[in-house]
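Asker: So you can see what is in the structure, the chains are spelled out below.
Number of protein chains: 2
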Amino acid sequence: MTKPRPKARSRSAAASAQAFSHEVSLDHLREQIDCIDQQLVNLLAQRRRVVEQVTAVKKQHDLPTFHPAREENLISARRAQASQAGLDPDYVEDLFRTVMRHSRVGQLNTLSRRSVRPGAKVLIVGGLGRMGGFFTDWLRQSDYDVRVLDRDDWPQVRSLAAGIDLCLLAVPIDVSPSVASQIGPHLPSACVLADITSLKRKPLEAMLKAHAGPVVGLHPLFGPATVTMDKQIVVVSPGRDPDRCQWLLDQLSLWGNVLVETPPAEHDEIMGIVQALRHFATFVFGQFLQERGVPIPRTLELSSPIYRLELAMVGRLFAQDPSLYAEIVFATPERLALLKDYLQSVQRNLSLVERGDKAEFIARFHKIADWFGPFSEQAMRESTFLVEKLVHRF
Amino acid sequence: MTKPRPKARSRSAAASAQAFSHEVSLDHLREQIDCIDQQLVNLLAQRRRVVEQVTAVKKQHDLPTFHPAREENLISARRAQASQAGLDPDYVEDLFRTVMRHSRVGQLNTLSRRSVRPGAKVLIVGGLGRMGGFFTDWLRQSDYDVRVLDRDDWPQVRSLAAGIDLCLLAVPIDVSPSVASQIGPHLPSACVLADITSLKRKPLEAMLKAHAGPVVGLHPLFGPATVTMDKQIVVVSPGRDPDRCQWLLDQLSLWGNVLVETPPAEHDEIMGIVQALRHFATFVFGQFLQERGVPIPRTLELSSPIYRLELAMVGRLFAQDPSLYAEIVFATPERLALLKDYLQSVQRNLSLVERGDKAEFIARFHKIADWFGPFSEQAMRESTFLVEKLVHRF
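Heads up: the protein sequence lines correspond to chains A and B, in order.
Numbering of the first sequence is given in the numbering used here, commencing with residue 1 and proceeding in unit increments.
Numbering of the second sequence is given in the numbering used here, commencing with residue 1 and proceeding in unit increments.
Among the hints, erroneous ones may be present.
As the list claims (entries may be wrong) - Straight-line alpha carbon distances no greater than 20 Å define the calculated EDC-like cross-link-like pairs of lysine to aspartate or glutamate that follow:
| id | chain 1 | residue 1 | chain 2 | residue 2 |
| --- | --- | --- | --- | --- |
| 1 | A | K121 | A | D250 |
| 2 | A | K58 | B | D34 |
| 3 | A | K340 | B | D357 |
| 4 | B | K58 | A | D321 |
| 5 | B | K58 | A | E31 |
| 6 | B | K367 | A | E31 |
| 7 | A | K59 | B | E23 |
| 8 | A | K358 | B | D321 |
Stated by the list, open to error - Here are a few chain A residues that sit away from chain B, every Cβ distance over 10 Å (derived from the structure):
| id | residue |
| --- | --- |
| 9 | A69 |
| 10 | V157 |
| 11 | P238 |
The hints are simulated quantities; they were obtained by calculation from the structure and are not laboratory data.
Being a predicted model, the structure only gives us computed values, none of them experimental.
Just so you know, even glycine gets a beta-carbon here, dropped at the ideal spot from N, CA and C.
Just chain A, same shape as in the assembly (with noise of 0.2 Å):
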């Protein structure tokens, strides 16, 4: 692979057999790191087929894809396999979560396609809407018959809704309560009638409203453009006959979605900060950027990663749906009230800058931090592993 040198590099003869053997030497090591990579991949294909017939076998006997004890105990015998090898088992950890999540996915992807109640009639209320589009997907290829009812559609309603077990409504926040009372006069008495509203207090008094029969509100925390359900969280409002809701909660959960069970009014108030605020405070800073025309690219080369990250989650929302933003932080009066008492935070903790009060400025952040308590240093070692991530990725 070294090349002879041409001669205009005016190198010493002893200098340049130096750099010759010591090219050749690494060169040499060069070869022997991509063997080794070589025979990784090769482990790493190996093992994906003996996933593969797991999977095959857990299909067969309807077994679960997680098995977290044994995850755990694979991870504690490579760590302690990395600290006698003399490798960091942090490191290790890191290679082998990377490994197994890929491993989960793989799985979850065969062998969650499946219906806990197959042939069941589903109606998806909005289905042509994005997360109607998606739930439809995911309904279909796990064996449900699922027919879709949206806008243009009301004057079937009546053969559409025939003989259905779940309806779905997929609609925005702003009509899910009146098409819920559109809807609920021709469900069958034993259908489930549950929503995928980002809002839950209204929609589920609607829905309760509406139909007698089994009731669910369902919120989950995911965009249309998840492409696996593994560990993404469904906030779970029950409404009405728990036992009958419980096959679609099933479902879900063998989709890989982690259930959370929340009051409606719990669930608003939380999301009223989670949601509204925030992307409210996201969408207000990406204005002010444009407001002044800040040079992004140039910016982004003086950031630190941390910062890097902060951008990113700022430049994220705008690459996402405006509607659906505007429905969120425009929902109920109870948001206004909360963005009005942010905006007097951020006044009263503006003019402790304009004091220049620095003294109190930093007792308030002593007051926070020991408020935050042990969140803060957890929050300081998540984001500092994903900045590694950040650094080595991009």
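Got chain A; can you put chain B on it based on the hints?
Answerer: Leaving out everything else, chain B in the frame of chain A:
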């Protein structure tokens, strides 16, 4: 491994036999996986030993740690092999990026603690502070002769400054200019005067005024908790006589830092947004959560990974030194003006929500998205990649 099952479980003999048979086959497959995983760790340890030999050769012949082209070739080769073996090339690339990063950091830790000017005398002003201590350690480990001047050492300033090649100011933003004027008269004329203040215009002016020799302003975009300098950014604002400052920049590069040259005014303007405004906004959000007593653990249970990440960015601020953040936020009148503009921006956007003007919100959204251009798609990709990491790690 499979134990005989007690009769009490009341399975039929046939079902029990079937269960037994698939457990045997699963156990067998899992043993195969464990065996493959053991071989993977063995190969990683083997790889590590070869990399150590590479490092030794590089050290002996003063060769650079990085070889970006080699890294990219290696990735391409593994991706190609992965595709042929039916593996997802992104998955394999992800693993090898982690492997290479680990190998690079290991090499850097061995190779980078060298001096480009062994034995040169360095005075760290503010060497007892956290960043001062950080640079003291790195310089000492790289064979520099380091002295420290902190608040109580001014009576010894003449002897401490005698014959030094570099004077590095590592003091708080607000005293940086006055410390520069104090130390200036004591410096040998050929000594490089540099600072690591996170503001550049005023400290650089003060250094140029206080010292007639070589001057350079630095802003390392990382904190004292950093364990590796690998790819960490240092902003460089040249002052005077860059040729004679070059060895200091070469030292930073040898440690693994990436240097970005920036005029002081541009630096300060961008940092107003990247640091002052972001830190202020994050502080306000943290305080808002504390004032309202938002239940953090419950909120995390009800959060998508993206919000978890956002909350981690807030939490991490409060795990850090408040006085550093106070300094940054309160640094200049320009920063106060910036924060006031920001407040107005929050107000204007809030009045939009108050009027219920969704259409205007969406119009602004589109305008901002256009302005961000390709960055928002990139941000989506980067943050989605990180969210994946977050989901499978925590």
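Asker: Could you run down the list of hints and mark each one as holding or not?
Answerer: Status of each hint after checking the structure:
no. : hint               : verdict
1   : A:K121 with A:D250 : 16 Å, holds
2   : A:K58 with B:D34   : 18 Å, holds
3   : A:K340 with B:D357 : 16 Å, holds
4   : B:K58 with A:D321  : 51 Å, violated
5   : B:K58 with A:E31   : 16 Å, holds
6   : B:K367 with A:E31  : 52 Å, violated
7   : A:K59 with B:E23   : 13 Å, holds
8   : A:K358 with B:D321 : 13 Å, holds
9   : A69                : 12 Å, holds
10  : V157               : 28 Å, holds
11  : P238               : 15 Å, holds
In summary, the numbered hints that this structure violates are 4 and 6.
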